[in-house]
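When you get a sec, could you build the whole thing from the sequences and use the hints?
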Amino acid sequence: MSATTAPAPRSAAPTTAAKLGGFADSRLGLTGAIRANARKIFPDHWSFMLGEITLYSFVICLITGVFLTFFYVPSVALIEYEGAYEPLRGKLVSEALASTINMSFEVRGGLLMRQIHHWAALVFVAATIVHMARVFFTGAFRRPRELNWVIGAILALLAIFEGFAGYSLPDDLLSGTGLRIAAAIILAIPLIGTYVHFFAFGGEFPGEAFIPRLYTIHVLLLPAIFLALIAAHLFLVVLHKHTQYPGPGRTNDNVVGYPLLPVYIAKAGGFFFIVFGVIALIAAFVQINPVWAYGPYDPSPVTAGSQPDWYMGWLDGAVRVMPGWLEVNVFGYVLSGNILIPAVVLPGLLTTLLVAYPWIERLATGDAREHHLLDRPRNAPTRTGIGVMALTFYCLMWANGGNDIIATHLNLAINDITRFIGVAMFVAPPLAFLITKRICLGLQRRDRERVLHGVETGQVYRLDNGEVLERHAPMSEYDRWTLVQHDNYVPLTPGPATDANGVKRKGALLAQAQRRLSRFYFEDRVEPVTPADLAAAHSHGEHDAIGGAHDERPAVEGTSGREVGSGQA
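The numbering of the sequence shown is the working numbering, which starts it at 1 and goes up by one.
Since the hints were made in silico from the structure, they are not lab data.
Remember, it's a predicted structure, so these values are computed and weren't measured experimentally.
Virtual Cβ for every residue (Gly too), placed ideally from N, Cα, C.
Treat the hints with care, since some could be wrong.
Listed next, with one range per pair, are the computed distances between beta-carbon atoms [claimed, not checked]: (1) 238 to 83: 17 to 25 Å; (2) 510 to 238: 44 to 52 Å; (3) 262 to 91: 41 to 49 Å; (4) 369 to 415: 35 to 43 Å; (5) 267 to 105: 34 to 42 Å; (6) 203 to 86: 28 to 36 Å; (7) 83 to 228: 37 to 45 Å; (8) 473 to 415: 34 to 42 Å; (9) 269 to 90: 45 to 53 Å.
Below, the structure written as structure tokens:
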């Protein structure tokens, strides 16, 4: 009689998961969408992680912000503090400040959550600005991504305002000082400033309505706008396909990289936890915004040393550098130009130029093509110079925002610092533009020499006539491609001012402005190496081209969505 073995019982987990998956797919139709996007190709370059840091820090702000809302009280009603912080016990403070101190000292993990939230907000703003700088310097804003550039600019501005709203909520001495400056900026707006101020604060500053209203904006309105704009931003990234740096096999008609599943999603998921871990580590060991040390808001003890977060420092510095004589009387009304110009006019002008820049450069190039390959910053010297000029101006204003700290720590006169910044703000940015542009042109000439004559080896040899020359190693075709693939823009040539009938053409003034702008961008340039130049160099025996080989080829996604090659899983 043979023994029989009973079959092992099957686990119900796979069956349940399959049923749940089938239920979701039958109702939502997810299979087609996942199948269409699972093999989406993403280029692999470290600079693309800047956008991921921006997204992940925003997610961290959302997670920690939800925790903080359970304990924060958005009210400026005065109560007697009876919490754990002894120096303030028995003093009148607002409910907003009392709840902030209580969540720091009496809620388990509250202080860590506060600091993670604040540090994540700083990283979010910094990553947004650095990500936009990468997009600007590489030309990733060109057609068809102009709309995404506008969305990014709006996100950067909203991130600055969201950060300001966040650190203003505790109602401590430092945040109250910042709100008082904001109230002064609103009042400086001609005609409508007083009405806007009374509407925002519910009357005279500080009022009792502003903190609750700011809380609603901070936790509800702005996060909803952020989520909508980020979703639109990511949708356009998927729709237009990702930009990529130039290289062999990379064109405007394909994307070379690795598929979304399983490679990129695994890397992105791991990178999220790295970002979260680093921010949590910083928050655990580096104190930020100790509101209990500042105490409640009171206009009387405001002294030197109060500084906003770094992203608002440049605006504070611009206000400090403006001379007082810009405040004038016009028809019996006070026009505070010393506040209006740096705090309203200047940010408005810079924002307009930032948003409009893709169309400004397109006007200079006259190029309406789609661009999916990025520029090396050296190959766009005027654009790179403009970017460095803007960063130089920003750094000067940011430094002036801390002129009192610089004065006390370096034992300098604050008036001398302010005068120096006032002169440097007109001298340093143009000088930075010229130096940066010359450096870019020099690097272009160096690349041209390397393509034509090869790479310096440090080895010398002597000819029969006694002349000593350095031996140059030939470049591979792949290395050469990176140095010669960029577009060769030239200044736009003027067309006839009149038509065949002698009638002045419409838009002549705009065309003239376009030609001048084009000359500004491309009059100083280095011509890229052409095949004729390379053949001439070869005919002189200066170097021979050698081919390179790739051991691995990443996946390639064409404009039709069809993949060619194999991605490393």
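Status of the hints after comparison with the structure:
no., hint, result
1, 238 to 83: 17 to 25 Å, "violated, 49 Å"
2, 510 to 238: 44 to 52 Å, "violated, 36 Å"
3, 262 to 91: 41 to 49 Å, "violated, 58 Å"
4, 369 to 415: 35 to 43 Å, "violated, 53 Å"
5, 267 to 105: 34 to 42 Å, "holds, 39 Å"
6, 203 to 86: 28 to 36 Å, "holds, 35 Å"
7, 83 to 228: 37 to 45 Å, "holds, 38 Å"
8, 473 to 415: 34 to 42 Å, "violated, 58 Å"
9, 269 to 90: 45 to 53 Å, "holds, 50 Å"
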